[in-house]
Each structure stands twice: as structure tokens, then as C-alpha cells.
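Those protein sequences? They're chains Y and X, same order as listed.
Counting with the numbering used here, you get residues 66 to 489 for the letters of the first sequence.
Counting with the numbering used here, you get residues 2 to 101 for the letters of the second sequence.
These are computed hints drawn from the structure, not numbers from a lab.
For each residue, glycine too, the CB sits at the ideal point set by N, CA and C.
Please note that a few of the clues may not be correct.
Claimed, not checked - Taking lysine to any residue pairs in the SDA-like style, the calculated list, with each CA pair at most 20 Å apart, reads:
| id | chain 1 | residue 1 | chain 2 | residue 2 |
| --- | --- | --- | --- | --- |
| 1 | Y | K121 | X | C38 |
| 2 | Y | K295 | X | C38 |
| 3 | Y | K337 | Y | Y305 |
| 4 | Y | K133 | Y | Y99 |
| 5 | Y | K299 | X | C38 |
| 6 | Y | K352 | Y | K337 |
| 7 | Y | K176 | Y | N190 |
| 8 | Y | K466 | X | C38 |
As the list claims (entries may be wrong) - Derived Cβ-Cβ restraints for the label pairs, each shown as a range:
| id | chain 1 | residue 1 | chain 2 | residue 2 | range |
| --- | --- | --- | --- | --- | --- |
| 9 | Y | Y136 | X | T71 | 26 to 34 Å |
| 10 | X | M78 | Y | N215 | 43 to 51 Å |
| 11 | X | P52 | Y | K182 | 32 to 40 Å |
| 12 | X | Y98 | Y | I216 | 23 to 31 Å |
| 13 | Y | N166 | X | Y98 | 46 to 54 Å |
| 14 | Y | N227 | X | I72 | 34 to 42 Å |
| 15 | Y | E217 | X | N73 | 34 to 42 Å |
| 16 | X | Y98 | Y | G389 | 42 to 50 Å |
| 17 | X | T71 | Y | G389 | 29 to 37 Å |
| 18 | X | I57 | Y | P433 | 24 to 32 Å |
| 19 | Y | D205 | X | Y98 | 39 to 47 Å |
| 20 | X | N73 | Y | D253 | 31 to 39 Å |
| 21 | Y | S315 | X | I72 | 36 to 44 Å |
| 22 | X | T71 | Y | D127 | 17 to 25 Å |
To be verified - Here chain X is said to cover these stretches of chain Y; the calculated rule only asks that three of the stretch's residues, wherever they fall, bring their Cβ under 8 Å from a Cβ of chain X:
| id | region |
| --- | --- |
| 23 | 180-186 |
| 24 | 263-270 |
| 25 | 421-429 |
| 26 | 438-445 |
| 27 | 477-487 |
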Amino acid sequence: MKKNKINLNKRRFIKTLGISFLSFPFLKGVRANYRPKVVIIGGGFGGGSCLAHLQKFSNQFDIFLVEKNKYYYTCPYSNSVVGGFRSLKDNKFSLNNLKYNDVKLIYNEVKFIDSEKKIIKFSNNESLNYDWLVVSPGIDFKWDDIEGYNIETNKSLPHGWNGADAKIILDKVNSLEDNSTILLSAPDYPYRCPPAPYERASLIAYNLKKRGMRFKIIILDSKDSFTKKKLFLKAWNELYPDSFEWISRSQGGKVTKLDYKNKSLITETGQKFKGEFINIIPNQKKKNLFLNDNDNDWLEVNPSTFELRNHKSVHAVGDCINAGDMPKSAFSANSQAKVCAENLKNIILDKEILNPVFFNTCYSFASPNYVFSISSWYRVNKFDDKIVSLGTTESNINDNKLQRNVEVEHSKGWYQTITKEVFG
Amino acid sequence: MINLLTIPFFLCLLFLQKPVLSNIKDEISIKMIVNNCASCHLENNHSDLIPSFFEIEKEVFIKQMIDFQTINDDSIMHRITKVLNLEDIRALADYYYEKK
Ligand SMILES: Cc1cc2nc3c(=O)[nH]c(=O)nc-3n(C[C@H](O)[C@H](O)[C@H](O)COP(=O)(O)OP(=O)(O)OC[C@H]3O[C@@H](n4cnc5c(N)ncnc54)[C@H](O)[C@@H]3O)c2cc1C
């Protein structure tokens with residue numbers, strides 16, 4: 066017999082069969098000729114990866130992808146734009162390049178989802194019904210957490226926590242004069258891409274150093290530690306000595322107020338910091354698309370199927386969910402989307418739900434030739450209610466220049482692969 | 002909420018000489034592991050910066066994987082393969098090369 070299962074366990078096998086049987090009366094005779102309609106909302110890393118896997122079954126399901134924007138600018142590699150060594154257009158993708166037959170692409174903005182009636186309402190009042198729905202709309206921001214900072218002030222002081230605004234941040238960095246102070250406010254967990262605020266700080270430093278500027282970067286943190294901290298601190302020391310100051314939450318780093326007129330940030334302990342350039346990365350929460358939903362910051366899912374706990378036949382992946390130990394990253398969204406697609410297909414076709422395994426790697430640039438990474442495998446815990454890490458590992462702190470450069474190639478290779486998979 | 006029962010379980014795993022991905026809990030489909038490899042190693046259109054293992058022989062693949070696992074250099078491939086055991090590696094090889 067061909068071995069494609071490892072260590073089959075009877076208890077779980079019976080249990081998963083039970084789940085799929087109960088959850089799916091659909092193909093059991095009555096509507097055997099019916100083609101189930103699967104709609105995916107969000108053509109970013111989560112939704113796009115899910116589509117890439119589900120479209121293999123487009124001969125059995127009707128598949129729709131709903132996306133509000135014609136172009137997608139990736140957040141991965143947006144800090145390289147800020148660093149001044151990559152063009153924004155290299156991060157620009159269009160779903161129009163996808164060559165899938167039988168997948169219907171709808172450019173429209175979802176206003177809300179009524180999961181009881183299984184209907185999606187669009188901003189232009191059109192609507193679309195579904196049998197199964199996958200959502201991956203990404204994140205929203207908590208605009209009330211910092212006094213004086215809101216959607217309005219963000220227009221002139223953008224967070225740039227999307228791919229598209231990287232060029233605006235670059236222009237601001239390019240306009241800085243010698244001896245400038247840059248203030249970067251880092252958010253509290255959980256947020257999109259945990260190492261990215263520190264990567265951004267590194268690449269602002271790279272940009273300024275390359276242009277022969279002296280500068281000070283002060284990171285005001287809402288946390289007491291951060292991912293890959295030792296690796297970042299070492300890189301800053303080696304590449305940009307005496308230019309960085311990191312102030313943890315317990316040292317008074319949590320920003321509570323923006324004094325826009327005086328270009329200052331005030332922290333929890335009342336300390337005031339003045340800077341020529343301020344980059345606030347706000348606290349985050351799910352982008353809510355549901356008509357009736359609770360106030361939780363993140364969507365709660367069954368980690369094997371990604372079905373939402375409080376919306377039947379709706380599945381969610383990517384940054385909008387509570388993914389347990391998994392960080393919010395494009396790599397994670399891609400890994401979750403494959404599991405979601407596989408098991409959604411199994412639910413629809415009344416097959417066994419597979420026991421998932423996930424993987425994530427986050428690469429960070431400290432300069433164009435200096436990259437390090439953190440990675441982990443993940444499984445579902447034995448109570449089937451949480452994704453847990455099997456232990457994170459990082460690049461060696463003592464890696465030499467060559468090894469840091471090898472990780473540059475790995476990072477670029479990963480980006481080429483994932484963007485090819487998602488955007489064609 | 003952290004489940005206290007899972008803590009000793011995962012601590013044990015961390016200190017095992019050779020943690021084995023497939024032994025951690027119940028059965029796991031090889032397809033699920035392969036899906037994660039495909040984040041970097043796509044069958045078609047693979048990146049020119051990441052080697053494709055679809056072009057090498059099955060035995061070379063197995064040897065490479067064992068080398069990654071045994072040479073403790075903290076490289077990304079060492080960190081990825083150290084949770085696999087020989088059985089997993091052979092299952093991966095069977096999946097890729099019997100599919101061909
Ligand atoms: C500076 C920065 C650097 C990063 N670097 C990395 C990295 O190196 N590696 C990594 O793995 N991750 C990185 N990330 C994280 C990564 O970008 C996100 O984790 C990833 O984009 C999450 O995918 P998603 O599908 O959940 O959301 P998104 O990719 O944001 O996709 C959501 C999609 O939904 C669409 N949408 C939203 N609302 C609606 C609506 N109402 N109607 C229709 N469509 C809608 C949006 O237009 C968008 O296309 C980085 C993030 C940042 C900010």
C-alpha cells in the first residue's frame with residue numbers, strides 16, 4: 066500500500082470522520098448535481114493562497130474571488146522601499162494575471178456579510194450569495210489608543226502598515242536633514258508582522274547612513290521585548306553604532322499621546338520625545354466584515370478547518386484571525402490558507418478532515434546584504450482548539466557576512482515563490 | 002488560556018534529542034507537510050534563488066535532507082529538517098518521487 070499517512074491514530078480518525086459527516090449533508094443524494102458555490106473575500110496573501118489551492122477543484126465547485134482593489138502592494142519588501150533600494154512598482158501585483166479557468170473575479174468592496182442568510186452585500190448595493198465563504202480581509206487599526214492620533218492625522222503622518230504607503234514614508238525619510246531624530250512607536254501584540262517595526266527602523270537607518278547623514282532613531286515600544294531582539298541589537302551595533310535607542314514599555318516606552326503641532330510623542334510615564342520624523346504604528350484588530358459580530362479583536366476559528374466559531378460555513382485565514390502561537394505574516398497566511406483550502410474541500414466532498422501542520426519563517430533585513438530569520442513549525446494542540454508552536458529557532462547570532470547574505474537570497478526566493486503562487 | 006497539561010508535553014519535545022514532527026500528535030498527512038515545503042519549493046515556476054528538489058534524484062534528496070539535519074549550522078534548512086525523522090524524510094521522498 067502506498068504510504069501517504071503517518072502514524073494513523075484511530076481515535077482521531079473516527080472523530081474527524083464524525084465531524085465531516087455531521088457538518089455535511091450536502092452531497093448525500095438530495096442535491097448531488099448541485100455545484101457548491103465557494104466565495105473568497107480578499108485577494109491578498111491569505112485569500113490568494115487559498116484560491117491557488119481551491120481552484121484545482123473548480124471542476125467541482127463554482128469559485129468566486131472578491132477583491133476591492135485593482136492592484137495589491139505587498140507589505141513584505143515594503144521596508145526595502147523605505148530603505149531606498151527597491152522600487153514600489155516591484156511590490157505591485159494584479160490578480161488579472163491569474164490564468165485560472167472557471168474562477169470568477171469580482172472587483173467590489175464588501176460592505177457586510179450576513180452569515181445567517183449566507184449573503185454578501187457590496188458598497189454599491191449589489192449582493193452575492195454563497196454556500197461556503199472564506200474571508201481574509203486583513204487588519205484594521207485601533208484609532209482611539211493614542212490621544213491626538215487618528216485617521217485624520219494619519220493622512221499626514223501615515224503608519225505605512227500597508228504596502229502602498231511605503232513610498233510616502235520613503236519621501237519623508239528622504240526629506241530629513243542631517244542630525245535628525247526619528248521617533249518610531251511600536252505597537253503592542255498581536256499585530257501584523259512582529260519584526261517589521263524593527264526592520265523598518267533598520268532600513269530608515271540604512272537609507273540615512275548611505276546618504277552620509279547623522280541621525281538618532283528612538284524606538285518607543287509598547288512591549289518589553291521584541292522578536293529577534295538579540296539579532297537586531299547586534300545588527301544595529303555593527304551597522305549603525307550609537308544611532309539607536311530602544312525604550313521598552315517598562316522604561317516608559319508606551320506612547321499615549323501625539324502632540325502634532327510640536328512634533329512630539331508623550332509616553333505613559335509622561336516623558337516627552339521630539340522628532341523631525343514620527344512614525345506611529347498603531348495597535349491593531351481584525352477588519353470586521355460581519356453584520357452581527359462580537360467585539361473581539363480577532364476572529365476565533367477551529368484551527369483544523371478554519372471555520373469561524375460563531376459563523377457557520379464561513380472560514381477565515383490570515384491576519385484577521387487569532388492563530389494561537391502563529392504570528393501574523395504572509396508566510397503564516399499562506400500556510401493556513403493551504404490547510405483551510407484542503408479541509409474545506411474535504412468538508413464539501415465529505416472526506417476525512419486532515420490533521421494540519423503549519424510552518425512560518427520571517428526574514429528581516431538590517432541592510433540590503435544583512436538578513437536573519439526566525440522560524441517555527443506549528444501543530445494543533447490535543448484539545449483541537451489552538452495552534453501551538455513546536456519551538457521557534459533563529460539564525461545564529463554569530464553568523465558571518467556570507468551567511469547573512471545567503472539569507473538575503475532565501476528571503477528573495479521565498480518572495481518570488483509566494484508572489485508567483487498568489488498573483489501568477 | 003494556556004492549558005497546563007500541554008506544557009510538560011511540549012517541554013519534553015523541546016528537550017528530546019530528535020523531535021519528530023509526525024510523532025507529536027496522532028496521524029499527520031504527508032500532504033500537509035509538503036504544502037509547507039511548497040512555500041519556497043514550488044514544483045513549477047520555482048524561484049531561481051531557491052534550489053528545486055524536483056530536479057534531483059530520490060536518493061540525493063534523502064541524503065541532502067539527512068545532511069541538513071545532522072550539520073548543526075542553524076541554517077534555515079537545518080532548522081526546518083530537525084523536527085523530521087528518517088521515516089518522515091523517506092515519506093517525503095516517496096511522495097515527491099513516486100508522484101513523478
Ligand atoms: C512593513 C511590513 C512588512 C512585512 N513583511 C513581511 C515579510 O517579510 N514576511 C511575511 O511573511 N509577512 C510580512 N508582513 C505581513 C504580511 O503583509 C501580512 O501578514 C499579510 O499581508 C496578511 O495577509 P492577509 O490575507 O491576512 O491580508 P492582506 O494581505 O492585507 O489581504 C487582504 C485583502 O483583502 C482585501 N479587502 C479588505 N477589505 C475588503 C473588503 N471590504 N472588500 C473586498 N476586499 C477587501 C484587501 O484589499 C486586500 O487585498 C509584513 C507586513 C508589514 C506591515
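Each hint, compared with the structure:
Distance restraint check for K121 of chain Y and C38 of chain X: the Cα-Cα separation of roughly 18 Å lies within the 20 Å cut-off, and the hinted pair is therefore satisfied. Between K295 of chain Y and C38 of chain X the CA atoms are separated by roughly 28 Å; this puts the pair beyond 20 Å, and the hint is violated. A hinted pair counts as satisfied when its Cα atoms are at most 20 Å apart, and K337 of chain Y with Y305 of chain Y does not qualify at roughly 24 Å. The suggested pairing of K133 of chain Y with Y99 of chain Y is violated, with an alpha-carbon distance near 29 Å, which exceeds 20 Å.
Annotation: proposed proximity of K299 of chain Y to C38 of chain X is violated, straight-line Cα distance about 30 Å (limit 20 Å). Between the alpha carbons of K352 of chain Y and K337 of chain Y the distance comes to roughly 32 Å, so the proposed pair goes past 20 Å and is violated. Between K176 of chain Y and N190 of chain Y, the direct Cα distance comes to roughly 8 Å. Compliance with the 20 Å bound is thereby established for this hinted pair. Restraint check: the Cα-Cα separation between K466 of chain Y and C38 of chain X comes to about 26 Å, which exceeds 20 Å; the hinted pair is violated.
One distance hint, 26 to 34 Å for the beta-carbon pair Y136 of chain Y and T71 of chain X, is violated here, with the actual separation near 46 Å. At roughly 46 Å, the beta-carbon separation of M78 of chain X and N215 of chain Y lies within the given 43 to 51 Å, and the hint holds. Checked against the hint of 32 to 40 Å, the pair P52 of chain X and K182 of chain Y fails, with Cβ atoms roughly 50 Å apart. At about 54 Å, the beta-carbon gap between Y98 of chain X and I216 of chain Y misses the expected band of 23 to 31 Å.
At roughly 29 Å, the beta-carbon separation of N166 of chain Y and Y98 of chain X lies outside the given 46 to 54 Å, and the hint is violated. Distance hint check: the CB atoms of N227 of chain Y and I72 of chain X are about 40 Å apart, consistent with the given range 34 to 42 Å. Between E217 of chain Y and N73 of chain X the C-beta distance comes to about 53 Å, which lies outside the given range of 34 to 42 Å. Separated by about 34 Å at the C-beta atoms, Y98 of chain X and G389 of chain Y break the suggested range of 42 to 50 Å.
Between T71 of chain X and G389 of chain Y the C-beta distance comes to about 31 Å, which sits within the given range of 29 to 37 Å. Evaluation of the 24 to 32 Å hint for I57 of chain X and P433 of chain Y yields a pass: the beta carbon distance comes to about 31 Å. Between D205 of chain Y and Y98 of chain X the Cβ separation comes to about 46 Å, which falls inside the hinted range of 39 to 47 Å. For the pair N73 of chain X and D253 of chain Y, the beta carbons lie near 35 Å from each other, so the given range of 31 to 39 Å is met.
A beta carbon spacing of about 40 Å between S315 of chain Y and I72 of chain X agrees with the range 36 to 44 Å that was offered as a hint. Hint check: T71 of chain X to D127 of chain Y, Cβ distance near 49 Å, so the stated range 17 to 25 Å is violated. Coverage of a stretch by a chain is defined here by at least three residues with a beta carbon nearer than 8 Å to that chain's beta carbons; for the region 180-186 of chain Y and chain X the count is 0, and the condition is violated. For the region 263-270 of chain Y, the stated coverage by chain X is not satisfied: 0 residues place a CB nearer than 8 Å to a CB of that chain, which falls below the threshold of 3.
Residue count for the region 421-429 of chain Y with a Cβ under 8 Å from a Cβ of chain X: 5. That meets the three needed, and the coverage hint holds. Using a Cβ-Cβ cut-off of 8 Å, 5 residues of the region 438-445 of chain Y lie near chain X, which meets the minimum of three, so the contact claim holds. Requiring three or more residues with a Cβ within less than 8 Å of a Cβ of chain X, the coverage given for the region 477-487 of chain Y holds, as 8 such residues are present.
In terms of the numbered hints stated before, the structure departs from hints 2, 3, 4, 5, 6, 8, 9, 11, 12, 13, 15, 16, 22, 23 and 24, listed from lowest to highest.
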